[in-house]
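**Q** Chain by chain, the residues:
Protein chains: 2
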Amino acid sequence: MAALDDLVAEFARLPGIGRKTAQRLAFHLVQQPGERLTRLAQALVTVAEQVRPCGTCGNLAEAELCDLCRDPRRDGTLLCVVEDPAAVAVLERAGEFRGRYHVLGGRLDPLQGVGPEALRLDALVRRVEGGGVREVILATNPSMEGEVTATYVQQLLANRGVRITRLARGLPVGGDLEYVDGVTLAHALTARQDVG
Amino acid sequence: MAALDDLVAEFARLPGIGRKTAQRLAFHLVQQPGERLTRLAQALVTVAEQVRPCGTCGNLAEAELCDLCRDPRRDGTLLCVVEDPAAVAVLERAGEFRGRYHVLGGRLDPLQGVGPEALRLDALVRRVEGGGVREVILATNPSMEGEVTATYVQQLLANRGVRITRLARGLPVGGDLEYVDGVTLAHALTARQDVG
Numbered sequence: 013m014a015a016l017d018d019l020v021a022e023f024a025r026l027p028g029i030g031r032k033t034a035q036r037l038a039f040h041l042v043q044q045p046g047e048r049l050t051r052l053a054q055a056l057v058t059v060a061e062q063v064r065p066c067g068t069c070g071n072l073a074e075a076e077l078c079d080l081c082r083d084p085r086r087d088g089t090l091l092c093v094v095e096d097p098a099a100v101a102v103l104e105r106a107g108e109f110r111g112r113y114h115v116l117g118g119r120l121d122p123l124q125g126v127g128p129e130a131l132r133l134d135a136l137v138r139r140v141e142g143g144g145v146r147e148v149i150l151a152t153n154p155s156m157e158g159e160v161t162a163t164y165v166q167q168l169l170a171n172r173g174v175r176i177t178r179l180a181r182g183l184p185v186g187g188d189l190e191y192v193d194g195v196t197l198a199h200a201l202t203a204r205q206d207v208g
Numbered sequence: 013m014a015a016l017d018d019l020v021a022e023f024a025r026l027p028g029i030g031r032k033t034a035q036r037l038a039f040h041l042v043q044q045p046g047e048r049l050t051r052l053a054q055a056l057v058t059v060a061e062q063v064r065p066c067g068t069c070g071n072l073a074e075a076e077l078c079d080l081c082r083d084p085r086r087d088g089t090l091l092c093v094v095e096d097p098a099a100v101a102v103l104e105r106a107g108e109f110r111g112r113y114h115v116l117g118g119r120l121d122p123l124q125g126v127g128p129e130a131l132r133l134d135a136l137v138r139r140v141e142g143g144g145v146r147e148v149i150l151a152t153n154p155s156m157e158g159e160v161t162a163t164y165v166q167q168l169l170a171n172r173g174v175r176i177t178r179l180a181r182g183l184p185v186g187g188d189l190e191y192v193d194g195v196t197l198a199h200a201l202t203a204r205q206d207v208g
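As you go down the protein sequences, you meet chains L and Y in turn.
Residue numbers for the first sequence, in the numbering used here: 13 to 208.
Residue numbers for the second sequence, in the numbering used here: 13 to 208.
This is chain L alone, in the form it adopts within the complex:
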């Protein structure tokens, strides 16, 4: 069936969705009332039409600026550099950070052909040089590519009069030592803190 096969193929292109899951989703939806499918379709079209990158930070926005850039209560002296809008959402859910963001739109990945020109680095330098930023917090992913990207940004912003920090590495809260990988454990040891 062409219609169902097309839907399965589209689902299977989503990250983390294999062929079997795509089929399960398509079979589920096709047995729902038609308005379930059209509502999901409409939500997709609305996102395609209305969501775009924020003109300042590169986060997702439904207007020229994103909700966070328009919020006057955010602290503009703190700039948190992340890879993608998903990271902004994760950090916002954590609720600890009250500064502003800069979304790079990816990470350096030479093997995949992603070089510095593909990231929003010029815009980052302009924001820092524009003044008012006291500290840049590097919050790229704790992966190989994320580390490389953080190092690159660190060098790019060196000697521009801003403090540059990185998120602490260490044991995840609620974790069990047994399940912590060796590199994380080594970081946690190196960065051990005095407690008394």
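Certain hints may be false.
Ranges between beta-carbon positions, derived for each pair [to be verified]:
{"hint": "1", "chain 1": "Y", "residue 1": "P184", "chain 2": "L", "residue 2": "Q62", "range": "20 to 30 Å"}
{"hint": "2", "chain 1": "L", "residue 1": "D188", "chain 2": "Y", "residue 2": "L179", "range": "36 to 46 Å"}
{"hint": "3", "chain 1": "L", "residue 1": "P122", "chain 2": "Y", "residue 2": "E47", "range": "39 to 49 Å"}
{"hint": "4", "chain 1": "L", "residue 1": "A14", "chain 2": "Y", "residue 2": "D121", "range": "24 to 34 Å"}
{"hint": "5", "chain 1": "Y", "residue 1": "Q205", "chain 2": "L", "residue 2": "A106", "range": "32 to 42 Å"}
{"hint": "6", "chain 1": "L", "residue 1": "L168", "chain 2": "Y", "residue 2": "P45", "range": "21 to 31 Å"}
{"hint": "7", "chain 1": "L", "residue 1": "E47", "chain 2": "Y", "residue 2": "E47", "range": "17 to 27 Å"}
{"hint": "8", "chain 1": "Y", "residue 1": "E141", "chain 2": "L", "residue 2": "G30", "range": "52 to 62 Å"}
No wet-lab data here; the hints were simulated from the structure.
Here a beta-carbon is modelled for each residue, glycine too, at the ideal position from N, C-alpha and C.
Since the structure of chain L is provided, determine the placement of chain Y on it from the hints.
**A** Chain Y only, in chain L's frame:
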């Protein structure tokens, strides 16, 4: 962001898709070119508009009859009774069965208020009484509700001059005894076969 939140909510309504996965999918899609979203949307709309139950067997169809019911090479003396169209797809992929299907459209589940009247049982009886069917193979899921449904269909079709069989229960091929549950193991023991 309302548009993105709507999309996350729609994804999260899909089976097996939790809040976090829904967010991951939405964040992924929103960063793709707009045509990726509209293509998925179009696939959904096409399915909603074109796919309906087959007038004979209840399988998914893009016309009055499904591809399998229109195929003259299928053996009409064998009728395989399944719960839903997904089961038809699974059996077709296995490639062993060359007969025809009857899709019940669910399983008996009194706790969820699903009684015999919700299933395509009248149509099944009509097909069997119409003649030409030699054997009905009960291929409901090996779950509690599937077993209850199979027993119900078995009693419904008793004394109508057709052979009634069920899929064999036993060890999954490629499995490891260690991971087989006790009930399956008990079935495999009871139904043990002579080999020499």
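**Q** Look at each hint and say if it fits the structure.
**A** Evaluated hints:
For P184 of chain Y paired with Q62 of chain L, a C-beta distance near 48 Å fails the hint of 20 to 30 Å. At about 42 Å, the CB distance of D188 of chain L to L179 of chain Y agrees with the hint of 36 to 46 Å. About 28 Å separates the C-beta atoms of P122 of chain L and E47 of chain Y, a value inconsistent with the hinted range of 39 to 49 Å. One distance hint, 24 to 34 Å for the beta-carbon pair A14 of chain L and D121 of chain Y, holds here, with the actual separation near 33 Å.
Here the CB-CB span from Q205 of chain Y to A106 of chain L is close to 58 Å, at odds with the stated 32 to 42 Å. Here the CB-CB span from L168 of chain L to P45 of chain Y is close to 28 Å, well matched to the stated 21 to 31 Å. Restraint check, E47 of chain L to E47 of chain Y: a C-beta distance of roughly 24 Å satisfies the suggested window 17 to 27 Å. Between E141 of chain Y and G30 of chain L the CB atoms are about 42 Å apart, so this pair departs from the stated range of 52 to 62 Å.
Against the hints set out earlier in the document, violations occur for numbers 1, 3, 5 and 8.
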